[in-house]
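**Student:** Now for the letters of each chain:
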Amino acid sequence: MSAPEALPAKAFAYDYSVAECGSLRTSVGPAEVMLRSSGALWMAAERALVVADLHLEKGSSYAARGQMLPPYDTRETLSRLAAEVAALSPTLLVLLGDTFHDRKSEARLAGDDAEGLRELARGRTLVWVIGNHDADGPRALPGEVADEFELCGLTLRHEPRAGAQAGEICGHLHPAARVKGALGSVRRRCFVTDAERAVLPAFGAYAGGLNVRDTAFAGLFLRPPLAGALGRGRVHAVGWRSLVGD
Amino acid sequence: MADSAGLSADLLPPRFADWFAERGWSPRAHQLAMIEKAQTGRDALLIAPTGGGKTLAGFLPSLIALADRPRTNAPNGLHTLYISPLKALAVDVERNLNAPIQQMGLPIVAESRTGDTGVSRRQRQRVKPPDILLTTPEQLALLCAWEGARLYFESLECVILDEIHTLHASKRGDLLALDLARIARFAPNLRRVGLSATVDDPEVIKAWMARHGPAVSLADTSAAAFGESEEQGCAPQSSPNAGVAGGSDRRGRGNASIDLVRGPSGAEPVVEVLLSEGRVPWSGHTAQHAMQEVYDVIKTARTALVFVNTRFQAEFAFQELWRLNEDALPIALHHGSLAAEQRRKVEAAMARGELRAVVCTSTLDLGIDWGDVDLVIQLASPKGASRMVQRIGRANHRLDEPSRALFVPANRFEMLECQAAREAIAENKLDGDPPRVGALDVLAQHVMGCACSEPFDLLALYDEVTSAGPYRALPWEDFEQVVDFVSTGGYALKTYDRFRRIVKGLDGLWRVRNLETAQRHRLNIGAIVSPAMLAVRIATRRGGGGRKVGEIEEGMVEMLEPGETFVFAGQVWRLVAVTNLDVLVQPAPAADPKMPSWGGSKFALSTYLAKRVRQLMYDQAHWQVLPTDVREWLEAQRDRSVIPEENEMLLETFVRGRRHFMVCYPFEGRLAHTTLAMLLTRRLERIGAAPLGFVCNDYALAVWTLNPLEGLDFSELFNEDMLGDDLEAWLAESFMMKRAFKGCAIIAGLIERRFPGQQQKSGRQITFSTDLIYDTLRRHEPEHLLLRCARDDAASGLIDVARLGQMLARIKGRIRHAPLEHLSPFSVPILLEIGKERSPGHTGETMILREAEEDLIAEALQ
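Taken in order, these protein sequences are the chains called P and D.
For the first sequence, my numbering begins at 5 and goes up steadily by one.
For the second sequence, my numbering begins at 25 and goes up steadily by one.
Keep in mind that the hints were calculated from the coordinates and are not lab data.
Even glycine gets a Cβ: it sits at the ideal position worked out from N, Cα and C.
Some clues are possibly wrong.
[Said to hold, decoys possible] Pulled a few chain P residues facing chain D out of the computed Cβ check, cut under 8 Å:
id: 1; residue: M72
id: 2; residue: Y210
id: 3; residue: H240
Please take these sequences and the hints and turn them into a complete structure.
**Tutor:** Structure, rendered in structure tokens:
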């Protein structure tokens, strides 16, 4: 169906464990990372928290075109992010691109939501990696803007580079895993990693998911990757063979 | 013709009288009565069985009026609008109507317009309407949402609503009632004509189709309600221009203004139940045991319709009949998943009298007039008496000959049910749909449609909407809330005011924001939300999709793996792959295909029939109508457990293999039972019984636990208060709420329908999922209009809360607990379902199951 199956199916033993908080502890390139059930990635050594694809103001973006989606996505997304920040007290917060759904999103941001964002930047470094939806970066909000960002020997960028890449953390694809059981199937947002690179799930409340079996993921991994499906309070490690297309 | 003596045949102009005479016919009393109603300007509801010349009775007055309509140099405009619930029926009626028009040489143009009608014809119909337009509720809604709708309908004299009994109690019925109210505003002389099959309570349909005036709704809701709306500082019950705009002659009379006309009752149908002496299975839904007998009966008939309840039963029965078909009888298959052209082929062959039998689902329930059917066979349980009367009516379109029907029960409880249905039909006791209150998501769609057509005044629109039957008691506050929703989404957080879809102008009228918004709305009209369907196509060598075989529900495909074989459209296929919207298949040899078991019927057993089943079960003198094996089964139940009284609910407890079982028999249908089982397991969990699982069918439900159940207070366990917080908590998380929410969001216009071909090429899911929206909305605004709609839909359609509530009230203090040493004869069918729910398919498992079956039966009778 897609490229990973064409690769030598030599069994690769992924090194991972489930932490007490429900996160999946594993390594990407040289760095140890925690894949959290919120969809955020945590690097304890650097006290760095990374989230991708917030798509803030996606609701109002649709509303402007006549589809009145509930206007609560931004506050929902930010309150989940604030909960992660409160739990971990990061010194570095990286927004991995597509933080805003479109280039006018910042202007549509409600006053208290903008204030919430400023609050998140207070007392720590906030980095806006830019994505395809928000290529201009923020206008008035605090934080540094970057095309990509180096950390612990890893490159953090929005869109994955073509082909297998060692040491890359990215977003953009909104990976989702579908697992089929005897009584039906479950579809969840997920991390996907081959221990060399990791693709983060979308963090935004209204961000849809793309099945990891989709051709968009073909060729990105050295070996059949491992999915970390987001469950209630924990991340489930799911092998490639257990995943099915939509 | 004795009863038509009162109505003189000179109601019929000579040209029409001659036409009848040439054919050796004489006009029927109800046909003359309909002409008389038209001449006195009365709205009328005609109730007649199929084959009574019902459609002609509906059209005769229009044909008579149009035959003499003076010609002018301008287009005459639309005279009669005919609405059918099915596209195929509209096309069929067009054909049948054009026959007399041509034979009499009448200067009348009658044309159908459906979603399948070509673009150029549809455009022409808008510019130059035919005299008679035959269409569907969806097309009517679309016409009403066009600019110029007022002008289009201005000349309309008559609207004919066909097969009204199938529409009124649904969201499609809500939409149609609203559009009816709309066109009545445009056409002050509009007369309403309803055509319906025999129904339990004509008053419900009369109330649905009548025009309701403010005076009536005030009488209905009493003076208190009047006082309330005055207190709120708003008195919408009489807008200043209501009398003018609505045509004062017809308003304010409520449903009293519909006259009832009854057609002849026809000969009593002859209904038999196939006894299959000695071989009625304990459980199952396929009636496989009876196929030889069914085949033998088909051989005795000219043409038989074999009705089943699901598409999968249809595929199964079709396979089985062909396996037995030594005489190579022409037997065909007809169900909603088949490609349209294939269905048309079967229908045409049927009309030419070339087929001996057609295995079909509810797609052939309605009155499309084709073929010389002389026998109707119902495979597996009929579920309701009214539906059966409809189906039986498909046999023999001549009223003087009785229709012949054969019921084939698939299991022992169904044997009871079929007998009960046979007796109900003989006594002409029908079960009916209760009247419904119009849904607010449908109203939202309609309000948007109105704005797309012309600017509206809020008070005038409220008057118009409340003149529609289902919305006659609509509170002003709900109406305002719906309009707010249409405009801005209706959120407590007012951030979308600048994006309004409809805006109030300086003239005080509301209009659509711009052309693009109106066009997008028109693409999304309709109250049918069907599950996602995938096209089944034959895989080409290059791996693409070739010829389309039909359509299959998304959920169905989930049960199949590539490489597996399955039966579809009467053939065996191997699944090759599933791409975006296509299921690619290849023909496969017919070796043991997978037959996905679709747990019984999607129709619930009707309340009325359930009651008759309980009566039959308790009345031992009545058991003689049953075959010996079923009688012995009841006797064994009586001796080993209990036969409950008519109003009791039997509850058995016993231990089997270290598990504690509780089996009860409410007879309220699978939906209500599933809801009950969900709620019971929550309670059992709380009191420490440690429930492990449950299973439900139409008659019973079984729950099994780790800990003993004997000491429990069962009347407390089944207390009605479970419908309060427990229900709310469970429902909020359940997938059923999410499914209902999605349906409401599509109908109300919050999200747009996805059309095939519109999909992203890469399959990239960049659109949002309604589940995410549901979760967010529920957390931030749990009282939002759409969540209210979803809750109502889930409670009525998906989990049947009302029925569960009635049942809990009925059994209060009447739970008959039978603690047993071992399982009872009644419990065998439901326990047999335990394995089946989980393992669809594999041959090995089937054998294991069959073994388990023997064990259970032996254990029950030892």
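**Student:** Evaluate each hint against the coordinates.
**Tutor:** Going through the hints against the structure:
1. Checking P:M72 against chain D by beta carbon gives a least distance of about 3 Å; that is within 8 Å, so the hint holds.
2. The closest approach between the C-beta of P:Y210 and any C-beta of chain D is roughly 5 Å, which is under the 8 Å cut-off, so the hint is satisfied.
3. Look at P:H240: its Cβ only gets to about 19 Å from chain D, farther than 8 Å, so that hint breaks.
The structure shown violates just one earlier hint, number 3.
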